[in-house]
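Participant: Fit chain W to the supplied structure of chain D, relying on the hints for placement.
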Amino acid sequence: MSVATHPTARRATLGLFAGAFRVWRRDMESWRKYYRSSLVGALGEPILSLIAIGYGLGKFVDLGGVSYAEFLAPGILASAAMNAASFEATFGSFTRMTEQKTYDAILATPIGIRELVAGDVLWAASKSLLSSVAVLVVATCAGLVHSAWALVLPAVALLIGVVFGAMGLVVASRAQAYDFFTYYFTLVITVMYLFSGVFFPIESLPAWARAVAWGMPLTHAVTIVRACMAGRVGPVLLVHVGVLVVMIGLAYAMAVRWVGRRLIA
Amino acid sequence: MSAPIIEVAGLRKRYGTSEVVCGVDFTVEASECFGLLGPNGAGKTTTIRMITCFSPMTAGRLRVFGLPVEPVNYRAIKARLGLAPQEENLDPDLSVEMNLLVYASYFGIARAEARARVRELLAFAALTEKATARIGTLSGGMKRRLVLARALVNRPELLVLDEPTTGLDPQARHLVWERLRELKRSGVAMLLTTHYMEEAAQLCDRLVVMDHGRIVTEGAPAALIERHVGREVIEVATGDDPARRARVLELVRPHGGRVEALADAVVIHTNGAVDVRGMLAALAGEELVHRRATLEDVFLTLTGRELRE
Chain D
1 MSVATHPTAR RATLGLFAGA FRVWRRDMES WRKYYRSSLV GALGEPILSL
51 IAIGYGLGKF VDLGGVSYAE FLAPGILASA AMNAASFEAT FGSFTRMTEQ
101 KTYDAILATP IGIRELVAGD VLWAASKSLL SSVAVLVVAT CAGLVHSAWA
151 LVLPAVALLI GVVFGAMGLV VASRAQAYDF FTYYFTLVIT VMYLFSGVFF
201 PIESLPAWAR AVAWGMPLTH AVTIVRACMA GRVGPVLLVH VGVLVVMIGL
251 AYAMAVRWVG RRLIA
Chain W
1 MSAPIIEVAG LRKRYGTSEV VCGVDFTVEA SECFGLLGPN GAGKTTTIRM
51 ITCFSPMTAG RLRVFGLPVE PVNYRAIKAR LGLAPQEENL DPDLSVEMNL
101 LVYASYFGIA RAEARARVRE LLAFAALTEK ATARIGTLSG GMKRRLVLAR
151 ALVNRPELLV LDEPTTGLDP QARHLVWERL RELKRSGVAM LLTTHYMEEA
201 AQLCDRLVVM DHGRIVTEGA PAALIERHVG REVIEVATGD DPARRARVLE
251 LVRPHGGRVE ALADAVVIHT NGAVDVRGML AALAGEELVH RRATLEDVFL
301 TLTGRELRE
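As given, the protein sequences belong to chains D and W, one line each in that order. Per the numbering used here, numbering of the first sequence is gapless, rising by one per residue and ending at 265. Per the numbering used here, numbering of the second sequence is gapless, rising by one per residue and ending at 309.
Mixed in with the good hints there might be a few duds.
Said to hold, decoys possible - 25 Å max Cα-Cα, derived DSS-like pairs, lysine-lysine:
| id | chain 1 | residue 1 | chain 2 | residue 2 |
| --- | --- | --- | --- | --- |
| 1 | W | K143 | W | K184 |
| 2 | W | K130 | D | K101 |
| 3 | W | K143 | D | K33 |
| 4 | D | K33 | W | K130 |
| 5 | D | K101 | D | K33 |
| 6 | W | K143 | W | K130 |
| 7 | D | K101 | W | K143 |
Stated by the list, open to error - If the Cβ cut is set under 7 Å, some of the chain D residues that face chain W in the computed set are:
| id | residue |
| --- | --- |
| 8 | R22 |
| 9 | R26 |
| 10 | M28 |
| 11 | S30 |
| 12 | K33 |
| 13 | E99 |
| 14 | A108 |
| 15 | T109 |
| 16 | P110 |
| 17 | I111 |
| 18 | R114 |
| 19 | A265 |
By construction, these hints were calculated from the structure, which means they are not laboratory data. Ideal Cβ positions, reconstructed from N, Cα and C, are used throughout, including at glycine.
Here chain W stands alone, though its shape is the one from the complex:
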């Protein structure tokens, strides 16, 4: 087993008096896709900024490729890292192809080698036909794929993706996922933040859920679902009718599980010793959905349902 790609221990970041990352620990192993999940303001982007040499940590231990993340190592780390930031920062005055060629030059890659690499990456990102197009003419999905291609120009050993598909339509999102899975198979380690639970479930080998600058849970997606929610979820619609909701609550309570009463529904997580059959029998005649539990259930269970803005 080779050394971890990222080692984070007791990592903290304070801006003035507010601490946005309050003691975070995790490691990302070689060839692993690791997810950082959490609501807005959980500290995901700040953690990523510290790992990618954009923000000096306040305290803790942080190593990337075995190198301590401090100014003396910034260059060496960034030479082996690919970063696809949340906000698109392509060069608007350059063509698609020039964006990649210019970026390759920052890594000291010779022109001939860069040209071959760019051809490869344009094909990978399904942008070959757009090679000479201006950035302004690209769709959101194309821009995102170009940002991804740009992050790969130096053949990074670690790819850091900050919300790689936010704002994309389903088709564009699936294309990005497909490419990321392809990269994963080729052995690149990945660190990604997202608040699409499906994305995390699709891509991540392991993940942490962060909230208020702390890690609230860590594990493989399936294990997290099992641990926090159970395999199945039953949602009973109660409409805007408190009496009906009270009745449903009474029906389900004896059968165990974690019961959550929302404004217009009752949600039952079937973790622990739950008699699912008995519960379904008791609920006969109610308007309900019986489905597999997802990471989204884990996320909402751990970080609550209040809006984060």
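Just chain D, same shape as in the assembly:
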């Protein structure tokens, strides 16, 4: 029996993406054990919202031209991406960071904080992709999608997922207990859900509130998704994408710093 350990050939250590992919795959492998219940939650909620609010409430809403369901679908898609990534990167990552000590186990290997955070953010974004594609399929079947630009929406969902995944990890890195996430979901996520143009155009908000809304990532996300579904795609969308990319950079840098401070002390 030879478990012996010889200074065998040194393997090149993994780069950022290769390392992040290993962490992503670990998350995916453990999710596979309970994907059924997870899928019901991730897909059921946005689809039910779309049906109940879009068609139920929609009958009483006049937006002049577009049906309310058509207006709402992009918002539901974007907020489904937000919610899926936010839950995973807060509750999920916090569990791995504290209770399960998965992060400690990973950090005992050549995987560093950067790859670890990137992997968990990408995993959160993968859950966004899943939820958003489900909404997209339902919206397409219901005739709410009017442009081939909808084909880029999975990529947009990933982008949204990365934004909220990185933000969620920032929050998780500062949390002392699960209760902490109640504040984040109530004060940040719910506020965005209600005031980022998901349910009504933000043009109907007072000027100061509109300014606040443009500071929120979901507003940019909804704008991009709505343009793609309706086929009104223009170069201005690149500005919205750019804002999200900058937010990703900031949140990722902050998450790396704070997760690092928490675990390497």
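Facilitator: For chain W alone, kept in the frame of chain D given last:
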């Protein structure tokens, strides 16, 4: 003689105003099993955290595999290191086998190579039958063996074990010891913390006893026993009777040795020039135990008997 695996000199760690490691020096040579002993709060785990790249040192010199332990070298050091932490941190949602395969992937080990390695390690850890079991269904001993197997997935040159058998029953403990001895024979250097003195005596070539962040003694187990306690120990039971205890103390004092009076016993360490025969003759009729000295005696002598919590 090759370069030391671990070199620690003047190592310090401060958290805020409290210093938990206050100037520690030791080296671990290739193929050596080195023990860090000490009561709770002695600074053992913090020392291990610094060595395994989990905690930047406040001051001192620290090299592992000849590399200074600083962020630029973390990866290179961790690629050659195996860590079995004190708190079990296996992946609860993955099977036994997947735990090892996933861990192998973090080291960049290719799937085919990893599969062969995992088969080997499952056999080594006596977990082959449990390959597809969920972590929640394993006993404490099995989990510990799996943590050990996981620490070996990258064929480390240094294995760091933080209390490898705490909480295990005797059978499980002996199985872990057997495996660790096997690894030692194969040439892996080991650094282990424990507060089981028997474990240290069984496994360690050399050890240090730490207390309050400092090293209080260093040496091979047998040499430490000889130096601090002597070969033999005589324990005389005195019950809860101060008069009897005073009488026993009077009987033993003229014969030398280090005499310790406990609440219900008198303990004599026979180091130095002790007339053991004379003492035993003087104690004829007393209820006593005459036994070989152990590391536990050294430990209690050096770190005292008060509770550490």
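Participant: Now tell me, hint by hint, if it's right for this structure.
Facilitator: Each hint, compared with the structure:
no.	hint	in the structure
1	W:K143 <-> W:K184	holds (21 Å)
2	W:K130 <-> D:K101	holds (22 Å)
3	W:K143 <-> D:K33	holds (20 Å)
4	D:K33 <-> W:K130	holds (17 Å)
5	D:K101 <-> D:K33	holds (19 Å)
6	W:K143 <-> W:K130	holds (11 Å)
7	D:K101 <-> W:K143	holds (15 Å)
8	R22	holds (5 Å)
9	R26	holds (5 Å)
10	M28	violated (10 Å)
11	S30	holds (4 Å)
12	K33	holds (5 Å)
13	E99	violated (9 Å)
14	A108	holds (4 Å)
15	T109	holds (4 Å)
16	P110	holds (5 Å)
17	I111	holds (5 Å)
18	R114	violated (11 Å)
19	A265	holds (6 Å)
Hint violations for this structure: numbers 10, 13 and 18, all remaining hints satisfied.
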